[in-house]
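**Student:** Since the structure of chain L is provided, determine the placement of chain H on it from the hints.
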Amino acid sequence: MDREFVRLTLPASLDSLQALLDFAHAGADSAGLAQSDWEKLELVLEELLVNVARYAYQPESGDVELAYAVDGPGILALEISDTGRVFNPLEQPVPDLSAGLLDRPIGGLGLFLVRSLTNSLDYRREGGRNTVSFRVPGPARPGT
Amino acid sequence: MNIEPTQLEKAVVLKVTGRMDAENAHEFEEACDRWISQGTRHLIAELDGLQYVSSMGLRSFLAVAQKLQSKSGSLSLAGLTGLPRQVFEMTRLIGVFPVYESTQQAIAKL
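Protein sequence lines, in the order shown, are assigned to chains L and H. Going letter by letter, the first sequence gives residues 1 to 144 in the working numbering. Going letter by letter, the second sequence gives residues 145 to 254 in the working numbering.
Keep in mind that the hints were calculated from the coordinates and are not lab data. Predicted model, so just to flag it, every value in this text is computed and none were measured. It is possible that some hints are incorrect.
Said to hold, decoys possible - Derived SDA-like pairs: lysine to any residue, alpha-carbon spacing no greater than 20 Å straight-line:
hint : chain 1 : residue 1 : chain 2 : residue 2
1    : H       : K211      : L       : A99
2    : H       : K159      : H       : M234
3    : H       : K253      : L       : D103
4    : H       : K211      : L       : L102
5    : H       : K159      : H       : F241
6    : H       : K211      : L       : G107
7    : H       : K215      : L       : L101
8    : H       : K211      : L       : I106
9    : H       : K253      : H       : G239
10   : H       : K215      : L       : I106
11   : H       : K154      : H       : K211
12   : H       : K211      : H       : L158
13   : H       : K211      : L       : D103
14   : H       : K215      : L       : P105
15   : H       : K159      : H       : G193
16   : H       : K215      : L       : R104
17   : H       : K211      : L       : L101
18   : H       : K211      : L       : P105
19   : H       : K215      : L       : G100
20   : H       : K215      : H       : Q151
21   : H       : K211      : L       : G100
22   : H       : K215      : L       : L97
23   : H       : K215      : L       : L102
Same shape as in the complex, but just chain L (with noise of 0.2 Å):
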């Protein structure tokens, strides 16, 4: 499908979120996504973009991309991608869900988050660049 690809470059820092946010919610409207996918979405892209301001550029600063194309009635194609140090999500470890209280990991619940709640969740390194992609709505029964 031929999609076209609408995007916004901020400062990758925590202080971009909203308007990154409300970037992609202007998407979501045009998609026409159900309102329960929009909070997920929302979720997942909290999760992804804090990610990169806090660790793609350390010590240094740089900017992240977020883009959006419709890619059918009620579904949202999105790319985040910036210019940091190799980071493959699809490469971390998921946590130990079983772990009872006190062993129970108290990180990787974001990127466990992130592929719960996406299709076709996808990581390239092109040109020094980072891409993750993906569609939403996720899987129907996230987290099975």
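**Tutor:** Positioned in the frame of chain L, the structure of chain H alone reads:
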């Protein structure tokens, strides 16, 4: 996010409303830490007004619960609903915390 505490005989109820995200999740942990440092051992988070929680929020809940457990205390979650409830279910944290339908039930179990 707004956090409204109510001190009861056996526990402190923290009514959390709004959105708990990367920018403000630490405020919940700090509020809990203040009660813990004053000797509170049982906290109940009343979450029927929580609209959104990201992994940074989950971290705060876990960190507080781990601190309390090491002091023979507890962090109970009451009234989880909507996407926050789904997030706790997906990450299987629903089995890690004592979870109740209502604050009254949580108090009754202490």
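**Student:** Decide, hint by hint, whether the structure agrees.
**Tutor:** Going down the list of hints, with the structure as the test:
no., hint, in the structure
1, K211(H) / A99(L), "holds, 16 Å"
2, K159(H) / M234(H), "violated, 23 Å"
3, K253(H) / D103(L), "violated, 24 Å"
4, K211(H) / L102(L), "holds, 9 Å"
5, K159(H) / F241(H), "holds, 17 Å"
6, K211(H) / G107(L), "holds, 16 Å"
7, K215(H) / L101(L), "holds, 13 Å"
8, K211(H) / I106(L), "holds, 12 Å"
9, K253(H) / G239(H), "holds, 16 Å"
10, K215(H) / I106(L), "holds, 19 Å"
11, K154(H) / K211(H), "holds, 18 Å"
12, K211(H) / L158(H), "holds, 16 Å"
13, K211(H) / D103(L), "holds, 12 Å"
14, K215(H) / P105(L), "holds, 19 Å"
15, K159(H) / G193(H), "holds, 8 Å"
16, K215(H) / R104(L), "holds, 17 Å"
17, K211(H) / L101(L), "holds, 10 Å"
18, K211(H) / P105(L), "holds, 14 Å"
19, K215(H) / G100(L), "holds, 16 Å"
20, K215(H) / Q151(H), "holds, 19 Å"
21, K211(H) / G100(L), "holds, 14 Å"
22, K215(H) / L97(L), "violated, 24 Å"
23, K215(H) / L102(L), "holds, 12 Å"
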